[in-house]
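Here's the letter readout for the chains.
Number of protein chains: 2
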Amino acid sequence: MATLIAPDHPSPVADAEVLRKACQGWGTDEKAIISIMGHRNAVQRKLIREAYEELYQEDLLKRLESELSGDFEKAVYRWILDPVDRDSVLVNVAIKQSDYLAIIEISCIRSPEELLAVKRAYQSRYKHSLEEDLAAHTTGDLRKLLVALMSIYRYNGDEINARLASSEADILHKFIEEKAFNDEEIIRIVTTRSKAQVMATLNRYKDEHGTSVTKNLMDDSASQYLAALRTAIRCINDPQKYYEKVLRNAINKPGTDEDALTRVIVTTAEKDLKEIKELYYKRNSVSLDHSVTKETSGDYKAFLLTLLGKED
Amino acid sequence: MATLIAPDHPSPVADAEVLRKACQGWGTDEKAIISIMGHRNAVQRKLIREAYEELYQEDLLKRLESELSGDFEKAVYRWILDPVDRDSVLVNVAIKQSDYLAIIEISCIRSPEELLAVKRAYQSRYKHSLEEDLAAHTTGDLRKLLVALMSIYRYNGDEINARLASSEADILHKFIEEKAFNDEEIIRIVTTRSKAQVMATLNRYKDEHGTSVTKNLMDDSASQYLAALRTAIRCINDPQKYYEKVLRNAINKPGTDEDALTRVIVTTAEKDLKEIKELYYKRNSVSLDHSVTKETSGDYKAFLLTLLGKED
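Heads up: the sequence lines are chains H and X, in that order. With this note's numbering, letter number 109 in the first sequence gets 111, and the count goes up by one each step, no holes. With this note's numbering, letter number 175 in the second sequence gets 177, and the count goes up by one each step, no holes.
Do not take every clue at face value.
Copies of the same chain look alike in the list, so a pair counts if it fits in one copy or across any two.
[Claimed, not checked] In silico PhoX-like links for lysine-lysine, alpha-carbon gap of 25 Å or less:
#	residue 1	residue 2
1	243	296
2	98	197
3	129	197
4	296	247
5	276	48
6	146	181
7	303	284
8	273	312
9	276	76
10	243	284
11	146	197
By construction, these hints were calculated from the structure, which means they are not laboratory data.
The whole structure should be built from the sequences, with the hints applied where relevant.
Below, the structure is given as structure tokens:
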């Protein structure tokens, strides 16, 4: 469930007027921006952008970019974007910065139709395909895996072929035993099968061999490919548990990883951040709100806490 | 341009009645079937199927399958199917028979949106993704190439990056010189770039090195991968010229390759078979109609000639 608290029918014109006022004159009224934008869902935000453009012949996003700064600006910018457009921006930034988490998340957690919409948004924004940019910026086994994850239009049905799960669990086990972690058969199974089928295969593997595939996909090489493969499997198998871990790592990192923190909160606040918060509390014995309060500050903190569902 | 000759507004109900009559009683009236189905476009055929189902609570396709036989049955069946559904059937058959021409044609000649529609049709028909079936039935370099061609959602814009074309023509040349034909960079360029960009790169290669990439992608190995790569490049670069060659090979083969003949005629009769016929005449000094008349017989011949635009 979402953590976002949004009124039922706010007036886009009234909202646009408040935002305009918050941006005018000496200084910016960040509180007003948070109180509006932190309480509007994707459709409402879109209507505000349209109303703002109509009223003031100005792009609200651009205006906010020039008024705000730092992590707060980044978070507001990402938040205001339409979800599929936001994903396309996240992937583009991730490709440029060789930060593959966002790429794996989006390719493995979004539904096939959502992923397709992200690809369309990417093409309309950058005039290239997402896949060609990703392929041109990566090499070797990592490229094979990431491009395959991003390219696939997976079958989205729930049907499971138990015999296939069993035979492909055996294939995984065979190559893992041989430490042939980059074998194309492993990549094929993880990247082309439906998520339900991949999960059935992972379960079967666990039943047969007593440990999870991800635990067995380890060596001492610190290989980027292997880390990416484990991440992909986690994202397919249990996105909420995966997101909890990303949040935990982001918060425990010396200096805090604000980009990861922003990304997870912004992309899940309208979806399942409530469940992720529960997992976080279970695993860390402190609430996510508490950790965010401790590790961030200023308008950025206030904005994240608003998205996390804090009552004003 | 199409070769199909279809009236503007035929009555689906009247057509369904004629077809019903043609299927009833002792023997089948193939001529009546050809005179209707050989002169109806995709939308009209769909309306006939719907009218037939409504009138007789029977699937027209299934009825025709049971009434007809051999190459004629196959051709009628393929023809009546909705084009994207037909492509999904062609790909499925091709995967099972390891006949990769149809796979390469469909992945490289259809537009990105058409290819996506084929994948959707495939999933709805077979309850798997096209990509997973293809990946599970192929191996090695051939798999890498075919799965990449099928998975990609290419950018469809006309914009060309001339500098990129030049640098990627150099990459192609480098690996071709080294006879590293299966290098991932070659696969990346051919499979991920927009078709306009691939063509710019091929042209640049020709300008720089005086021969086409396909001429240089040859060795003595009779490798399936290399043949598939050349086919993909031809399909991207000049689909009509490619189709002319498929027709020529199908006709000149001892015994005639009816499957290929049917496939090309059925899939292009509503699109650009006219241009393909012109190329055929130029290259072979006989008309395609003449060759088809010579190499086929019976109802199958009559049906193909009708699709080729022969006036009754």
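Results for each hint:
For the homomeric pair residue 243 and residue 296, the shortest alpha-carbon distance inside one copy (22 Å) is at most 25 Å, but the shortest distance between copies (67 Å) is not. In the homo-oligomer, the alpha carbons of residue 98 and residue 197 lie at most 25 Å apart only across protomers (24 Å), although the nearest pairing inside one protomer, at 28 Å, exceeds that limit. For the identical chains of this complex, residue 129 and residue 197 are inter-copy neighbours only, at 13 Å across copies versus 30 Å inside a copy, given an alpha-carbon limit of 25 Å. In this assembly of identical chains, residue 296 and residue 247 lie within 25 Å of each other by CA distance solely inside one copy; the values are 18 Å within and 70 Å between copies.
For the identical chains of this complex, residue 276 and residue 48 are intra-copy neighbours only, at 23 Å inside a copy versus 48 Å across copies, given an alpha-carbon limit of 25 Å. Taking the shortest alpha-carbon separations for residue 146 and residue 181, both the intra-copy value of 18 Å and the inter-copy value of 21 Å come in at or below 25 Å. In this assembly of identical chains, the alpha carbons of residue 303 and residue 284 lie at most 25 Å apart only when taken from the same copy (22 Å versus 72 Å across copies). Only within a single protomer do residue 273 and residue 312 lie at most 25 Å apart by alpha-carbon distance; the minimum there is 16 Å, versus 59 Å between protomers.
When the C-alpha separation of residue 276 and residue 76 is checked against a cutoff of 25 Å, the pair qualifies only within one copy, where the shortest distance is 23 Å, while the shortest distance between copies is 55 Å. For the homomeric pair residue 243 and residue 284, the shortest alpha-carbon distance inside one copy (11 Å) is at most 25 Å, but the shortest distance between copies (64 Å) is not. For the homomeric pair residue 146 and residue 197, the shortest alpha-carbon distances inside one copy (19 Å) and between copies (21 Å) are both at most 25 Å.
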